[in-house]
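Peer 1: Each chain, written out:
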Amino acid sequence: MLKKFVLALALASVSPLVFTSTMALAQEPKMGGTINAVIQPEPPGLMLALVQNGPTQMVSGNIYEGLLRYSKTLEPQPGLAESWTISPDAKTYTFKLKQGVTWHDGKPFTAADVLFSIETLKITHARARNNLVQLDKVEAPDDYTVVFTLKQPFGPFIGIFEVGSMPIIPKHIYEGSDVKTNPANNTPIGTGPFMFKEWKKGSFIQLVKNPNYHVKGKPYIDGIYWQIIPDAAARSVAYETGKVDVLPGGSIENFDVPRVSKLPNTCVTGDGWEFFSPMAWMWLNNRTPVLANKKVRQAIMYAVDREFARDVIWNGLGKVATGPSSSAIKFYTDNVQKYPYDPAKAKALLKEAGYKGEKVRLMPLPYGETWSRWGEAVKQNLVDVGMNIETIATDVPGSNQKNSEWDYDISFTYLYQYGDPALGVGRNYVTSAIAKGQLFNNLEGYSNPEVDKLFEEGAVATPDSKRQEIYEKVQKILVEDVPVAWQLELQFPTITNCKIKNLITTGIGVNDGFRDAWIDK
Amino acid sequence: MKKFWKLMLRNPGGLIGLIIITIAIFIALFGQMIFPTSPWRMVQRPFLPPFTNPMVTLGTDALGRDVFAGLIYGARVSLLVGLVSTTVALTIGVPLGAIAGYFGGKVDDALMRFTEFFQTIPSFPLAIVLVAILQPSIYSIVGSIAIVSWPPVARLVRGEVLSLRTREYVQAAIVTGQSNTWIISREILPNALSPVIVLASLMVANAILLESSLSFLGLGDPNLMSWGYMVGAGRTVIRQAWWITVFPGVAILISVLGMNLIGEGLNDALNPRLAKDSR
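Same order as they appear, the protein sequences are chains W and A.
Each step along the first sequence adds one to the number in my numbering, with nothing skipped, and position 226 is 226.
Each step along the second sequence adds one to the number in my numbering, with nothing skipped, and position 241 is 241.
Any given hint might turn out to be false.
[Claimed, not checked] Restraint-style ranges between C-beta atoms, simulated for each label pair:
{"id": "1", "chain 1": "A", "residue 1": "Tyr139", "chain 2": "W", "residue 2": "Thr181", "range": "45 to 53 Å"}
{"id": "2", "chain 1": "A", "residue 1": "Thr91", "chain 2": "W", "residue 2": "Ser261", "range": "51 to 59 Å"}
{"id": "3", "chain 1": "A", "residue 1": "Gln240", "chain 2": "W", "residue 2": "Lys473", "range": "44 to 52 Å"}
{"id": "4", "chain 1": "A", "residue 1": "Phe26", "chain 2": "W", "residue 2": "Val383", "range": "22 to 30 Å"}
{"id": "5", "chain 1": "A", "residue 1": "Val250", "chain 2": "W", "residue 2": "Asn130", "range": "51 to 59 Å"}
{"id": "6", "chain 1": "W", "residue 1": "Lys359", "chain 2": "A", "residue 2": "Gln171", "range": "56 to 64 Å"}
{"id": "7", "chain 1": "W", "residue 1": "Asp407", "chain 2": "A", "residue 2": "Pro125", "range": "22 to 30 Å"}
{"id": "8", "chain 1": "A", "residue 1": "Pro125", "chain 2": "W", "residue 2": "Lys359", "range": "31 to 39 Å"}
{"id": "9", "chain 1": "A", "residue 1": "Val250", "chain 2": "W", "residue 2": "Val383", "range": "25 to 33 Å"}
{"id": "10", "chain 1": "A", "residue 1": "Thr91", "chain 2": "W", "residue 2": "Glu480", "range": "51 to 59 Å"}
{"id": "11", "chain 1": "W", "residue 1": "Asp407", "chain 2": "A", "residue 2": "Gln119", "range": "36 to 44 Å"}
In short, the hints are calculated from the structure, not lab data.
Keep in mind that this is a model prediction, so the values were computed, not measured.
Each residue gets a CB set at the ideal place from its N, CA and C atoms; glycine is no exception.
With the hints as extra help, turn the sequences into a complete structure.
Peer 2: Laid out in structure tokens, this is it:
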């Protein structure tokens with residue numbers, strides 16, 4: 001008892017992060033055991049080349065594999081490719097594939113599968129199609145080499161080989177058939193550490209260990225049950241009662257996170273979202289007379305207490321955004337104008353801008369309690385500095401329609417950034433991305449020729465130091481101009497029973513994490 | 001009138017109800033002066049339990065907003081919605097019922113089928129649908145509550161008018177050639193008023209409940225603090241912070257109870273048979 005107490009004391013005095021990482025190193029992985037995890041909502045399908053919903057990526061990322069994996073700092077790591085080289089002109093990428101890899105049905109995996117996958121993804125996977133626009137040709141000189149040739153250098157190219165962005169699918173199953181209707185989609189076959197066993201609709205998805213997995217000794221666990229539990233409160237209870245051991249980000253309501261986190265033997269981490277780096281901001285409709293004024297937009301940045309939002313609404317998870325780029329993605333800089341919470345300055349700026357109390361509509365994101373509360377807090381912040389804010393209540397289709405038709409003044413959103421400004425940042429600020437009727441592009445209507453030019457150059461510049469320079473410049477301009485009001489880099493906490501070790505090892509977290517996970521018994 | 005008050009006050013339930021609602025109206029009218037801080041303002045740390053900080057007696061909610069301030073401002077919304085929507089429902093229901101009862105025949109048939117059309121649809125789901133379609137705002141909420149609550153008024157008034165229409169004084173008025181409007185408004189309706197007043201007081205209670213239910217479901221006016229909203233927003237954290245839900249819940253309970261007691265008292269006071277017995 002005393003010993004336990006001393007240990008607890010020692011635990012409390014050591015930073016938890018340091019403690020867990022040293023523990024993980026100190027312990028040898030143990031074999032065996034099954035992990036129960038929540039999957040929310042139930043995925044529409046598991047064939048990753050066809051369906052890319054969040055839950056599909058989470059389950060199927062453990063069935064399929066990409067050529068590369070990415071560390072939490074988004075450094076490429078071997079996946080199906082064991083090594084890769086980039087030519088000095090940054091136009092040729094040569095991947096050496098791992099030998100001796102087999103599909104779950106025993107057939108060997110070769111470069112032909114990669115070529116087939118790329119041709120298929122260009123048709124079925126919108127984001128992959130975009131990622132591959134600079135691709136001139138892809139060839140396989142032999143069974144274990146794949147060479148990508150680009151039309152011009154494209155900096156983010158090394159970042160597009162993650163399993164959700166470019167899953168490799170088996171040619172021998174899909175060749176000559178319509179990929180979309182192939183019955184094999186119901187029993188997905190990949191090269192990953194886990195094989196599909198059973199999907200009982202509305203109840204669970206069962207994956208079992210791939211005994212012939214190409215990384216010797218892995219996976220450690222025997223299988224995964226993805227439990228489908230539609231009610232958020234019931235998911236919390238399932239964790240409390242020990243029915244599930246893993247609550248991936250977003251499984252339970254935010255307000256429940258602190259309570260569940262405090263349960264005994266519970267480990268919480270915000271890691272594993274670095275690749276997606278979700279960033280929340282408020283669209284500011286630059287077309288409206290009030291918000292067209294840069295000073296009003298800057299006033300909004302000063303007026304909103306973003307630290308309060310992080311600490312209270314997101315329970316301390318996440319980071320206050322400094323600008324358009326999340327700090328987790330490449331070429332980020334915090335050497336930009338800062339907008340601390342400063343109501344007095346906001347008031348002064350509004351006065352300078354000649355704001356006379358015109359009504360401004362605020363549309364929170366209709367994604368549940370957290371976002372409603374956030375909308376209310378921001379409204380109060382803005383009212384406090386003298387703005388006349390009216391909250392508009394909508395549902396998801398209504399909000400999508402209003403946003404895409406530009407029928408809003410201020411509107412909440414959050415978007416993924418995919419590790420590179422050319423993939424996930426530029427699309428929200430360049431003039432060419434202004435398209436009425438579509439979502440997730442340049443909804444605010446900001447247009448600055450200099451920004452357009454910088455983003456265009458940044459995507460194709462080499463080497464990285466040159467890209468860094470360009471993107472730093474563009475971040476400075478954007479932060480000064482405040483086309484949208486950046487709020488938080490979101491973190492979705494993954495909650496696990498502490499006996500589950502080593503689950504989050506990559507930048508996509510749970511999505512490909514079970515390969516390295518093990519259970520301490 | 002004096003007799004009415006005497007009867008009303010003799011009923012202890014009615015008296016209590018009257019006191020409750022008087023206090024509620026007082027709070028709704030003057031609460032803002034006594035309590036100028038907006039209920040949306042984050043004033044203290046979140047989830048502060050009640051009776052720990054004298055500045056925020058009833059604790060704070062998930063964002064650190066004062067629960068007590070919410071109650072004060074919520075009183076205004078609840079009472080306003082209750083009274084206005086009942087008034088609107090009466091302005092629809094009373095004339096329709098009177099016309100149907102007075103003219104009878106085809107007019108009656110047509111109007112009553114129309115009324116039944118509304119009565120066959122369950123009122124709460126209809127209110128939800130209306131608010132959802134019209135987008136939640138105080139106007140759509142008042143409007144939809146009025147729309148779901150006028151049919152009983154129309155039916156009640158029709159019944160009263162049907163029976164009064166055969167009375168001799170009404171017959172006399174018809175014979176002397178008075179206009180229909182004059183007969184309905186001067187001769188019939190004043191005598192049909194007592195049950196309508198009783199019904200109206202219960203309708204106010206019902207409207208307060210409906211508004212709370214709508215807000216609870218997130219269909220309240222996002223710009224107005226109401227009791228139903230407070231319960232709805234606090235419901236999800238009830239395991240951590242009971243007070244966010246309980247206090248507005250109690251406020252709803254008490255005000256609805258108050259209106260019901262008033263209704264009972266009015267019923268007793270205005271019922272001639274009971275009044276005679278008590279003499």
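Peer 1: Determine for every hint whether it applies to the structure shown.
Peer 2: Hints versus structure:
no.	hint	verdict
1	A:Tyr139 <-> W:Thr181: 45 to 53 Å	holds, 50 Å
2	A:Thr91 <-> W:Ser261: 51 to 59 Å	holds, 54 Å
3	A:Gln240 <-> W:Lys473: 44 to 52 Å	holds, 47 Å
4	A:Phe26 <-> W:Val383: 22 to 30 Å	holds, 27 Å
5	A:Val250 <-> W:Asn130: 51 to 59 Å	holds, 56 Å
6	W:Lys359 <-> A:Gln171: 56 to 64 Å	holds, 58 Å
7	W:Asp407 <-> A:Pro125: 22 to 30 Å	holds, 29 Å
8	A:Pro125 <-> W:Lys359: 31 to 39 Å	holds, 33 Å
9	A:Val250 <-> W:Val383: 25 to 33 Å	holds, 29 Å
10	A:Thr91 <-> W:Glu480: 51 to 59 Å	holds, 57 Å
11	W:Asp407 <-> A:Gln119: 36 to 44 Å	holds, 37 Å
Comparing the model with each earlier hint shows no violations; every hint is respected.
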